[in-house]
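Participant: Fit chain F to the supplied structure of chain P, relying on the hints for placement.
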Amino acid sequence: DTAVSQTPKYLVTQMGNDKSIKCEQNLGHDTMYWYKQDSKKFLKIMFSYNNKELIINETVPNRFSPKSPDKAHLNLHINSLELGDSAVYFCASSPVLGQGMNTEAFFGQGTRLTVV
Amino acid sequence: RKEVEQDPGPFNVPEGATVAFNCTYSNSASQSFFWYRQDCRKEPKLLMSVYSSGNEDGRFTAQLNRASQYISLLIRDSKLSDSATYLCVVNIRGDYKLSFGAGTTVTVRA
Chain P
1 DTAVSQTPKY LVTQMGNDKS IKCEQNLGHD TMYWYKQDSK KFLKIMFSYN
51 NKELIINETV PNRFSPKSPD KAHLNLHINS LELGDSAVYF CASSPVLGQG
101 MNTEAFFGQG TRLTVV
Chain F
1001 RKEVEQDPGP FNVPEGATVA FNCTYSNSAS QSFFWYRQDC RKEPKLLMSV
1051 YSSGNEDGRF TAQLNRASQY ISLLIRDSKL SDSATYLCVV NIRGDYKLSF
1101 GAGTTVTVRA
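So the protein lines, in turn, are chains P and F. FYI, our numbering numbers position 18 of the first sequence as 18, with every residue one higher than the one before it. To convert, count from 1 in the second sequence and add 1000; that's our numbering.
Treat the hints with caution; some may be incorrect.
Unchecked claim - Across the chosen pairs, the derived CB separations fall in these ranges: (1) R112(P) / N1012(F): 22 to 28 Å; (2) R1093(F) / D70(P): 24 to 30 Å; (3) L83(P) / A1067(F): 40 to 46 Å; (4) N1055(F) / F42(P): 25 to 31 Å; (5) E1003(F) / N51(P): 22 to 28 Å.
Everything labelled a hint here was simulated from the structure, so no lab data went into it. A quick note: this is a predicted structure, and the numbers were derived from the prediction, not measured. Quick reminder that beta carbons are idealized off the backbone N, C-alpha and C, glycines included.
The following block holds chain P by itself, in its conformation from the complex:
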């Protein structure tokens, strides 16, 4: 069983389109994340949710809207796609961070988004 699964794995779309990426975790974790990995391979936090509540929105454009219908799901919708949105988007989950314990985060396989 895949712990964190995200779909689709590849997404090629034209500028201006709207697209969604879905993520589900079966680990019972409280916290879920979206990270963006750009062409320089740097992983940057976009959003962090804890128990379906948005905790972190790291200066992401309004065109990106996360939605967490329940603790196990965190989807990402992107409006009006731009060339600069091309990247790999990783969903991840973990037990709650920041509590002084070394908790492991599990990542989905990534969605490689190409905007043409």
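Facilitator: Structure of chain F alone, referenced to chain P:
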């Protein structure tokens, strides 16, 4: 200033060699430290947590220096399968995210 900085490498080493590299973190409130491994076109996976007293996991040894705010990873007896990008990762107390360094690329050659 980036929260986590790493030497990007690449470190090209022969099989059997020892390779070591560091990362530095800027926030003194950082409380949890990790090394993740990322293979080409794959997701990051936890390699090991880093504890204050230093810790080993087989051929891998991690050290933490809180005074100087750096973390190190040493790989002994390198294998071809160790070729990957190693990501230094930090969690700041009370923060709901992991902060990643840009990664150190290691290539082990036969």
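Participant: Decide, hint by hint, whether the structure agrees.
Facilitator: So, going through the hints one by one against the coordinates:
Checking the proposed 22 to 28 Å range against R112(P) and N1012(F) shows it holds: the Cβ atoms sit about 27 Å from each other. At roughly 28 Å, the beta-carbon separation of R1093(F) and D70(P) lies within the given 24 to 30 Å, and the hint holds. A C-beta distance of roughly 45 Å is found between L83(P) and A1067(F), which places it inside the suggested range of 40 to 46 Å. A beta carbon spacing of about 26 Å between N1055(F) and F42(P) agrees with the range 25 to 31 Å that was offered as a hint.
Separation of E1003(F) from N51(P) is about 25 Å and conforms to the stated range, judged on CB atoms against 22 to 28 Å.
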